[in-house]
Amino acid sequence: MTLLVDTSVWSLALRRDGPVETREVIALREALNGADSVVTTGLVLQELLQGFSGPKAKEAIVERFGALPLIQPDRQDHIAAAEVRNACRRRGVQIGTIDALLVQLCGRYEMTLLSSDKDFANAVRHVPFKLWGSA
0 MTLLVDTSVW
10 SLALRRDGPV
20 ETREVIALRE
30 ALNGADSVVT
40 TGLVLQELLQ
50 GFSGPKAKEA
60 IVERFGALPL
70 IQPDRQDHIA
80 AAEVRNACRR
90 RGVQIGTIDA
100 LLVQLCGRYE
110 MTLLSSDKDF
120 ANAVRHVPFK
130 LWGSA
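In this text, residue positions in the sequence shown follow numbering that gives the first Met the number 0: the first is 0, and each later residue adds one.
Hint data in this document are derived by calculation from the structure and do not stem from the laboratory. Just so you know, nobody snuck in bad clues.
The list that follows gives simulated cross-link-like pairs (lysine to aspartate or glutamate, EDC-like), each with its CA atoms no further than 16 angstroms apart:
hint, residue 1, residue 2
1, 129, 109
2, 129, 118
3, 55, 16
4, 129, 116
5, 57, 46
6, 129, 35
Pairwise CB distance ranges, derived in the manner of DEER restraints:
hint, residue 1, residue 2, range
7, 132, 32, 16 to 24 angstroms
8, 121, 18, 24 to 32 angstroms
9, 78, 56, 33 to 41 angstroms
10, 85, 41, 17 to 25 angstroms
11, 91, 62, 40 to 48 angstroms
12, 29, 59, 19 to 27 angstroms
Predicted model, so just to flag it, every value in this text is computed and none were measured. Just so it is clear, CB atoms sit at the ideal spot from N, CA and C, and this is done for glycine as well.
All chains should be modelled from the sequences, with the hints used to inform the complete structure.
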């Protein structure tokens, strides 16, 4: 399985005071140890860098993410992500712009999204994508 890991899980796993041991963080650790493939996208990297402060944190994040394959959305991904967001909104589910793009990338590349963000649990009921831990 290939996992696209959302910022919510990375944030928990990279906390300065130690990782929070959620099911998702444990799954990330197992994947990084070879159980699954882990990929990222520039938006997740950017969100992480915006959330952590200090040059040491930046260097550590950039170094760790340098080892991960980087998925880059193209024009069609952005167009399709707008449709994902609109489809959710029509069903009363609000997801963010970046979240919609992550959903789109998971669908396009047949990846599973690993997230602790409850917005994805709501979205998966209305748009097709693989969400780790969902039925």
